[in-house]
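> Please work from the sequences and hints to get the whole structure.
There are 2 protein chains.
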Amino acid sequence: MVGEFMATIRDVAKLAGVSVATVSRVLNNQGYVHEDTRKKVEQAIRQLNYKPNAVARSLYKKTSKSIGLIIPDITNPFFPQLVRAVEETMYEAGYTVLLFNSDEVLKREQHIIDLMVTKYVDGIIIVSNTIKYEHLKDLSIPIVALDRVISQEIPSVSVDNYEGARKAVRLLIGKGCKKIAHLRGPKNVFTAEERLRGYMDEMNSQGMETFVYAGNYELNTSMVETMKLLTENREIDGIFAGNDVMAVGAIKAITKLGIHIPDQLKIIGFDGIELGTVITPELSTLKQPIVQLGKKSSELLLNYINGNEKVLRHYVYQAELIERDST
Amino acid sequence: MVGEFMATIRDVAKLAGVSVATVSRVLNNQGYVHEDTRKKVEQAIRQLNYKPNAVARSLYKKTSKSIGLIIPDITNPFFPQLVRAVEETMYEAGYTVLLFNSDEVLKREQHIIDLMVTKYVDGIIIVSNTIKYEHLKDLSIPIVALDRVISQEIPSVSVDNYEGARKAVRLLIGKGCKKIAHLRGPKNVFTAEERLRGYMDEMNSQGMETFVYAGNYELNTSMVETMKLLTENREIDGIFAGNDVMAVGAIKAITKLGIHIPDQLKIIGFDGIELGTVITPELSTLKQPIVQLGKKSSELLLNYINGNEKVLRHYVYQAELIERDST
DNA sequence: TATGAATGTGTAAACGGTTACACATTACTC
DNA sequence: GAGTAATGTGTAACCGTTTACACATTCATA
Chain A
43 MVGEFMATIR DVAKLAGVSV ATVSRVLNNQ GYVHEDTRKK VEQAIRQLNY KPNAVARSLY
103 KKTSKSIGLI IPDITNPFFP QLVRAVEETM YEAGYTVLLF NSDEVLKREQ HIIDLMVTKY
163 VDGIIIVSNT IKYEHLKDLS IPIVALDRVI SQEIPSVSVD NYEGARKAVR LLIGKGCKKI
223 AHLRGPKNVF TAEERLRGYM DEMNSQGMET FVYAGNYELN TSMVETMKLL TENREIDGIF
283 AGNDVMAVGA IKAITKLGIH IPDQLKIIGF DGIELGTVIT PELSTLKQPI VQLGKKSSEL
343 LLNYINGNEK VLRHYVYQAE LIERDST
Chain B
43 MVGEFMATIR DVAKLAGVSV ATVSRVLNNQ GYVHEDTRKK VEQAIRQLNY KPNAVARSLY
103 KKTSKSIGLI IPDITNPFFP QLVRAVEETM YEAGYTVLLF NSDEVLKREQ HIIDLMVTKY
163 VDGIIIVSNT IKYEHLKDLS IPIVALDRVI SQEIPSVSVD NYEGARKAVR LLIGKGCKKI
223 AHLRGPKNVF TAEERLRGYM DEMNSQGMET FVYAGNYELN TSMVETMKLL TENREIDGIF
283 AGNDVMAVGA IKAITKLGIH IPDQLKIIGF DGIELGTVIT PELSTLKQPI VQLGKKSSEL
343 LLNYINGNEK VLRHYVYQAE LIERDST
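Respectively, the protein sequence lines represent chains A and B.
For the first sequence, the positions run 43 to 369 when our numbering is used.
For the second sequence, the positions run 43 to 369 when our numbering is used.
Derived by calculation from the structure, the hints in this document are not laboratory data.
Don't take every hint at face value.
Since the list gives no way to pick out one identical chain from another, each pair is judged satisfied if it fits inside one copy or across any two copies.
[To be verified] Capping the alpha-carbon separation at 30 angstroms, the derived lysine-lysine pairs in DSBU-like fashion look like this:
hint, residue 1, residue 2
1, K81, K56
2, K217, K161
3, K93, K270
4, K161, K82
5, K149, K82
6, K82, K217
7, K149, K161
8, K209, K179
9, K329, K93
10, K161, K337
11, K179, K56
12, K56, K209
13, K220, K104
14, K149, K93
15, K82, K209
16, K217, K104
17, K103, K338
18, K270, K56
Structure representation (structure tokens):
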């Protein structure tokens, strides 16, 4: 691998008996280089186990072959797959990813962005509800918003949460549910608001009464809230949870209460994380194409970095209804 | 934030009417700077919204305030917490983390390491069974092995899998299990081998017959294998699964067969991932101090980077027995 | 008051690459 | 065979920092 001594381009040049410019040319495969010279240089490179210094290159080129990925919290089961997809795609394109957990704290996000600017990252993928266009508009590096659209001016890759929610509700109705509650996600979170809106619109269009319960996309509060919901309102026979994690929490509560799923009560989640297939009963859900989201956002960012993408793009995917045992 | 124009140290110097050396001195808070001069410089810095260029700094200092983190796969539920803890600790110390998923493919790991060397990362934390001391010995940057010990020569932070396994088996025996099977993890994986060894030793020391079934730390194969195990050998009344994911797979299979947990069969896992508390019945397990592992490995690495740590250290944590509903 | 230490500042050379430009040489074209 | 284009190579400036060194000035001490 690499020992204490690291050869520089000058060492290679000396050994090969050429100038550094020539070495650089063979390295980057550009400009004219005589075949014999190239051979000599390649030989010297091998002999010294020379690897061009990425930092020096960055300094001159103002590019680092790395991108920043800001997510709220990798511990949230939605993100590992997303991160994996991004890392994978970027790695194949020769880019390194700098990972940051922001907890959606604006101050922290801003600090992270400043940091990345000084490191010459070539682009940023961000998942955030707190950051707004005004915080980003002066930035000179490409940014894409992932999973949430931040503003019309920032390219994005996301899922149609509204339509997905309507599909979820429609399924429950189709299965004969008469009283359908919604365990909503946190306030001011884009995806949660959209899913709530979808629920409301679909319910209203069917002339059904709505029951909305607070939640924050987390398991434990969802358990508590479900307990409350079911004791307060015993005729509820369908629950649309704001995400799979909440649905799993709800299932725990429901099971604890001795209510049978899906006979007495049907439940559906949103996201399509693995957890849903692991629990009993397996969870029906609206599956987001997580890997595709990660991949597409990476490709989009790469296109912007390379200047291929000239117009602002917003990609929207549809969530896929996956029916399993909970409905 | 940062616009198209990025001020350099020369711009600051010019505006403040001093030399770049002086600006550098106030920036790094070292050497003598007259109070009045410092004021002027700080004023200029603010005025230009100047942020020192990390890349240029790296080039000269041969340091990047970043570290590499190589894990097999972030998608494996053990890793998100670990990654979070590392990122957190590093961020607080002013370091950025470069994340890589290696799938434990040696070629890829080596390539990643080469890449990091050219990027002047200050250190590496690696989780790997494939990489060996010989691949690392020529490296001049600090490395620490996480979750697995690679060799005596590489500092490490890990868990006592052997003793943990013995504790798990002892619990099952204490609960009255007569025939205890082990769903083992993948061959040649350090943690899996240690847990197997713990199982064997504890069983043998109690004069009990052993039943070992193959597995690879994954859910689906675990389900299949459990089905096989229970049809082949109906008297099994205790299962020690190599990790929690396998335990969850086993529980699914067991539930499907209509066998009641924990009355007819008890099961215990290893890891202490969140998943275990989410399923029904909640899983008994040997909880690894995942956050501590991440934190300690980061601190250890930082100490090596800063030259504080002079002797090679191996930290070993004990897994904690957590009894829940599956036993 | 002479002298050395402490304080304050600037110049220029690194760090390790890339590339504009200049200068040769060789290959075509008519 | 002259003129032009294509090919091949080197020199040196540049990217934006840090720091060794030199040089001044001020301060303290005997």
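> Work down the list of hints and note, for each, if the structure agrees.
Do the hints match the structure? See the list:
1. Proximity of K81 to K56 under the C-alpha cut-off of 30 angstroms is restricted to the intra-copy arrangement: shortest distance 14 angstroms within a copy versus 47 angstroms between copies.
2. Taking the shortest alpha-carbon separations for K217 and K161, neither the intra-copy value of 54 angstroms nor the inter-copy value of 57 angstroms comes in at or below 30 angstroms.
3. When the C-alpha separation of K93 and K270 is checked against a cutoff of 30 angstroms, the pair qualifies neither within a copy, at 62 angstroms, nor between copies, at 52 angstroms.
4. In this homomeric assembly, K161 and K82 come within 30 angstroms of each other (Cα to Cα) only across copies, at 26 angstroms, whereas the closest approach inside a single copy is 35 angstroms.
5. Taking the shortest alpha-carbon separations for K149 and K82, only the inter-copy value of 27 angstroms comes in at or below 30 angstroms, while the best intra-copy value is 53 angstroms.
6. Taking the closest pair of Cα atoms, K82 and K217 never come within 30 angstroms of each other, the shortest separation being 74 angstroms inside a single copy and 73 angstroms across copies.
7. With identical chains, the CA atoms of K149 and K161 are at most 30 angstroms apart both within one copy (19 angstroms) and between copies (28 angstroms).
8. With identical chains, the CA atoms of K209 and K179 are never at most 30 angstroms apart, being 35 angstroms at best within one copy and 57 angstroms at best between copies.
9. Taking identical chains as interchangeable, the C-alpha atoms of K329 and K93 are never at most 30 angstroms apart, the minima being 44 angstroms within one chain and 43 angstroms between chains.
10. When the C-alpha separation of K161 and K337 is checked against a cutoff of 30 angstroms, the pair qualifies both within a copy, at 24 angstroms, and between copies, at 25 angstroms.
11. Within a single copy, K179 and K56 get their C-alpha atoms only as close as 47 angstroms, which misses the 30 angstroms cut-off; across copies the closest is 28 angstroms, which meets it.
12. When the C-alpha separation of K56 and K209 is checked against a cutoff of 30 angstroms, the pair qualifies neither within a copy, at 68 angstroms, nor between copies, at 62 angstroms.
13. In the homo-oligomer, the alpha carbons of K220 and K104 never lie at most 30 angstroms apart, since the shortest distance is 61 angstroms inside one protomer and 67 angstroms across protomers.
14. With identical chains, the CA atoms of K149 and K93 are at most 30 angstroms apart between copies only, with a shortest distance of 17 angstroms across copies and 38 angstroms within one.
15. Taking the shortest Cα distances, K82 and K209 never come within 30 angstroms of each other, neither inside one copy (65 angstroms) nor across copies (62 angstroms).
16. Taking the closest pair of Cα atoms, K217 and K104 never come within 30 angstroms of each other, the shortest separation being 58 angstroms inside a single copy and 64 angstroms across copies.
17. For the identical chains of this complex, K103 and K338 are intra-copy neighbours only, at 26 angstroms inside a copy versus 37 angstroms across copies, given an alpha-carbon limit of 30 angstroms.
18. Taking the closest pair of Cα atoms, K270 and K56 never come within 30 angstroms of each other, the shortest separation being 77 angstroms inside a single copy and 66 angstroms across copies.
When the structure is compared with the earlier hints, violations turn up for hints 2, 3, 6, 8, 9, 12, 13, 15, 16, 18 and for no others.
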